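Novice: I would like the entire structure built from these sequences, with the hints used as guidance.
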Amino acid sequence: MPSVTRLSRRRLLKGVATAIALPPLEAMFNLNGTLYAAEVKRGVAAAKPQTRFLLWFNGNGITERYWMPTTTGADYEITPCLAPLAPFRNDIHIITGLDNPAARLPGPGNDHHRSMSALVSGSSFTGHGAGAASIDQLIAAKIGGDSRFRSLQLGVSQESFGESIQRNLSWAGRDRALPPEMIPHKLFDRIFGKRDEGWVARKRSILDTVQADAKTLASTLGHQDQMRVDEHLSAIRDIERAITTLPPEYSKVQEPEEGGDMKDWPRIAKLQSDLLAHALVTGQTRVASYMLTKCQGLSRFPWLGYTAARHHDYTHADGKAPGFDGPSGQRIMRDICRWHVEEFAYLVAKLRATPEGDGTLLDNCCLMFVHEHAEANSHKNNGLACIVAGHAGKLVTGLHSKMTGTVGDLYLTLADDVMGAGLKQFPTADRKLSGIAGA
Amino acid sequence: MRGRPIVLWLLGASVALCATDVTAMRRLTHSQYNHTVHDLLGDQTSPANQFPQEDFVNGFKNQTSAQSVPPLLAEAYGAAAEKLARNAFRGGDVNHVVNHLAPCRPRAPGDAQCAAQFIRAFGAKAFRRPLTSTEVSRYASLFADEARRSGKFVTGAQLIVEAMLQSPNFLFHAERRGDTRQYEVACRLSYFLWDTMPDADLFEAAARGALATSVSIEKQARRMIADPRARQSVDEFAAEWLRFDRLLNAVKDRRRYPQYSPELVQAMTEETRRMIADAVWNDRDFMTIFTADYSFLNSDLAVLYGAAAPSAEYARVDFPAGSDRAGIVGQATFLALTSKPNETSPTSRGVFVREQFLCQKVPDPPPGVNSNLPPVNEDKPQTNRERMSAHATQQPCAGCHQFIDPIGFGLEKFDAIGGRREKLELKFYNPHDDDDEKKVKTVLLDLDARGGLSGVPGADFSSPKELGNILAARPECQECVVRQLFRYGWGRHELGVDRTVIQAALQRFRDSQFRFKELMISLVSAYAISN
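Chains as they are written, first to last, in this note's numbering: chain A, 699 to 1137; chain B, -11 to 519.
Hints were generated in silico from the structure; no laboratory data involved. All values derive from a computational prediction rather than experimental measurement. Any given hint might turn out to be false.
[Said to hold, decoys possible] In silico SDA-like cross-links for lysine to any residue, where the CA-CA straight-line distance does not exceed 25 angstroms:
no.: 1; chain 1: B; residue 1: Lys328; chain 2: A; residue 2: Phe999
no.: 2; chain 1: A; residue 1: Lys968; chain 2: A; residue 2: Pro1000
no.: 3; chain 1: B; residue 1: Lys113; chain 2: A; residue 2: Ala1051
no.: 4; chain 1: A; residue 1: Lys913; chain 2: B; residue 2: Ala112
no.: 5; chain 1: B; residue 1: Lys113; chain 2: A; residue 2: Thr914
no.: 6; chain 1: A; residue 1: Lys892; chain 2: B; residue 2: Gly139
no.: 7; chain 1: A; residue 1: Lys884; chain 2: B; residue 2: Pro35
no.: 8; chain 1: B; residue 1: Lys71; chain 2: A; residue 2: Thr942
no.: 9; chain 1: B; residue 1: Lys429; chain 2: A; residue 2: Thr1005
no.: 10; chain 1: B; residue 1: Lys368; chain 2: B; residue 2: Glu410
no.: 11; chain 1: B; residue 1: Lys349; chain 2: A; residue 2: Leu803
no.: 12; chain 1: A; residue 1: Lys961; chain 2: B; residue 2: Gln247
no.: 13; chain 1: B; residue 1: Lys113; chain 2: A; residue 2: Asp906
no.: 14; chain 1: B; residue 1: Lys71; chain 2: A; residue 2: Trp897
no.: 15; chain 1: A; residue 1: Lys1092; chain 2: A; residue 2: Pro782
no.: 16; chain 1: B; residue 1: Lys71; chain 2: A; residue 2: Ile881
no.: 17; chain 1: A; residue 1: Lys913; chain 2: B; residue 2: Asn75
Specialist: Okay, here's the thing in structure tokens:
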């Protein structure tokens, strides 16, 4: 049973009437719908908050010369791409050198396809999608069951070649994409939309009827078709759980305005990050994935002044050629990579500014920042550049570490030693990495 | 070494699929969803445009293997259903809507008899078959609870609509046997030929048992093909086959192509759409889409093509006798969607021709190959042909590229947005100031547009017109049109067992001098009765 208590909205509002004047982000609630800040004021010891896991992705890899610190340890230099994270040095761990071996398994697809499937699932690309469930979904399957949403998928930039493997970060299983919600006000509506009790009751009765339809239908079908209907059924159950455990605080979060420039990715990214922070601190979910730009993405960057070509075009620049392949190619990529890190830093800042328990939300988060490639131009899929951020499970931070092992090893370490998911295995992982989670 | 296994795969052109991939159940595509709720409820809002995007598999968006229902889509269905049901009963004209669907006037909020009539009548349209008694009572109890709670008949009816629109019976159409088999035949005909739900005639035919024989099915198909709704299905087929989405999402370097705008892109796809529609609906030889020395232009496209201005927007314009532009491969849609932002891509053009027009699967580069070509710089300006020489000389590249690049080389006199060019114009910008015109260095290079369709004897060409004529005459290309429509119609890749159907359709297509309508009728009739 979901742990979010079903409180009537009216009862809740009475209880926290004094808190309503607070700006939205500070008006945070714990899992029982009580205000953390109020609790602290009253000196009530809060239960230890739950840990949260976020898989963060941006497409097209990096330019190593401007991204990778050359020195390791606590005194590593902040590179131009990492500059936005300078204020959060002690909240992050730069991890370089990990391999993504499954990217080199034989199979269909181009380098981006293969690297993406291998990156998220440790399995080879199927020709359509990822070869297996993605790491965030494996974790969600273990720890997400008690939350209103087993997991959430968010996205920002929509510009891509349009294939499934390029557009999706989370996979429920082989070839089963979980598309991200890209539109802030829709995401808001999903998590915090205003509902009255009558609406919930209606929705429940509809979903019960639809489930009964699906069960009858499934019994008449062949195996493959049955699986499709089962998938639909499980989606219906997920919705039912989400609406019957409506958060008492939904009326407290400010709705992002509709309209505005919907291709202004920096604006959309910040709105999505704000909503994600709300969703995490109010216990809507413990697991999320965030796809800032697409795999082999085709975003344009007008706010950086680069409009002649698209993200992927810019990556194939080696500093010698004209136009977007021009001498400025690597510097353009530097600025693009820095923007991606900047949006990540915005979220880290948001989490750190959000009080929870005796500390902040960031204290209970484990953020994993990955790209499908290391050096973008050569489609490199070893020596990856990763960032782990947050302090959940005593994560080691404040360092740049060069590590040997696979990205699967890192996932397994985070999943089991930090998130307590007890996966015990992950494709391409054969050991846990030391120096990730503190004692 | 000539990379023999790869070559065989390329020309053998069939992809092994395992039989378990075949499923009979099809989810409404987003386009079918929009058309269906329009026909069912008069909705004009195209709610599926807000759904998560569909994936292209086997070249189309309606392939069953990609039709999952992740939670985000299920929620979108829920939100759309809520809105559609509300809109259907909007404006207090309750009796109109209810009476429209149920031949009764509710005598009380909880009028169970009238409710059951409504459920049967609306349900038969939404589920595209009569409801079972279990289903009627299931929805009747949903209705009763809501009518009791609200004290209004209409909110109960609204809830029925909202629920049915989320039911798998609405969202999918499944293979059926026994009594409802003919309703499934009706659905197959209507979704294939109209991209929407069956009309009253079809429902009535299914109820009468008049969709049992090939003759009666073909008779229905002929009626349907004469209906304007058939145009929306052909439009959708063409848009997916010719990948309009890639053009609509493409960007071009605005310094090179300042005239490239969303309006121009719209005009490009409109031109192609009209070319296909003209061939299909005016009963022309369909293969003329590859050879036509005319097109349907608006004034912007006429400027881009250097053609005579059309008498009206998108009127037919004949190209001058000496023009080397003709057919689909001479249209800006194809030429632009296969190009990069600032330059053509002979490789992309070659792959597109092989895959879309010859149904030959081109494998991706093998893992670990550096697929970056040497850059072009001011000191050593090169044409695409020169730059891509590595493709022809190095292994493992040459094994496939010898079949791909020469196609694109033959189209090099058409630039990245489909304009004609005599020479290749390379521009080298000042690295510190992209926009400073004075600092731009321009180099003009002669173009060698000799190309060819490797593997086909005597298929050398140096213009879209010549390529178009080669394609139209090739049996592979003619069969490919059949196979593409098969994939679109069946929702899956063809298998060995489909050979009979495809060969029969091809024969009929040829016998009719390539009338697309005959092809459609042949394929849809086979589909309607297939397992």
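Novice: So, for every hint listed, does it hold in this structure?
Specialist: Hint check:
Annotation: proposed proximity of B/Lys328 to A/Phe999 holds, straight-line Cα distance about 17 angstroms (limit 25 angstroms). Proximity of A/Lys968 to A/Pro1000 is assessed by CA-CA distance (about 17 angstroms); at most 25 angstroms being required, the pair is judged to hold. Restraint check for B/Lys113 and A/Ala1051: the C-alpha separation of about 54 angstroms exceeds 25 angstroms, so the hint is violated. Between the alpha carbons of A/Lys913 and B/Ala112 the distance comes to roughly 19 angstroms, so the proposed pair stays at or under 25 angstroms and holds.
At roughly 19 angstroms between alpha-carbon atoms, B/Lys113 and A/Thr914 fall within 25 angstroms of each other, so this suggested pair holds. Taken as a hint, the A/Lys892 and B/Gly139 pair is honoured in the structure, with Cα atoms around 24 angstroms apart against an allowance of 25 angstroms. Distance hint between A/Lys884 and B/Pro35 is fulfilled; the C-alpha atoms sit about 14 angstroms from each other, no more than 25 angstroms. At most 25 angstroms may separate the alpha-carbon atoms for a hinted pair to count; B/Lys71 and A/Thr942 meet this at roughly 20 angstroms.
Distance restraint check for B/Lys429 and A/Thr1005: the Cα-Cα separation of roughly 20 angstroms lies within the 25 angstroms cut-off, and the hinted pair is therefore satisfied. A threshold of 25 angstroms between alpha carbons decides the hint, and for B/Lys368 with B/Glu410 the separation of about 20 angstroms falls inside it, so the pair holds. Among the hinted pairs, B/Lys349 with A/Leu803 is consistent with the structure: their alpha-carbon atoms are about 21 angstroms apart, no more than 25 angstroms. With a CA separation close to 22 angstroms, the supplied pair A/Lys961 and B/Gln247 stays within the 25 angstroms bound.
Under the criterion of a C-alpha separation no larger than 25 angstroms, the hint pairing B/Lys113 with A/Asp906 is consistent with the structure, at around 21 angstroms. A C-alpha spacing of about 13 angstroms is found between B/Lys71 and A/Trp897, which places the hinted pair at or below 25 angstroms, so the restraint holds. The straight-line distance between the Cα atoms of A/Lys1092 and A/Pro782 is roughly 23 angstroms, inside the 25 angstroms bound, and the hint therefore holds. For a cut-off of 25 angstroms, the pair hint linking B/Lys71 to A/Ile881 stands: about 18 angstroms separates their Cα positions.
Taking the CA atoms of A/Lys913 and B/Asn75, the gap is near 29 angstroms; set against the 25 angstroms cutoff, the hint is violated.
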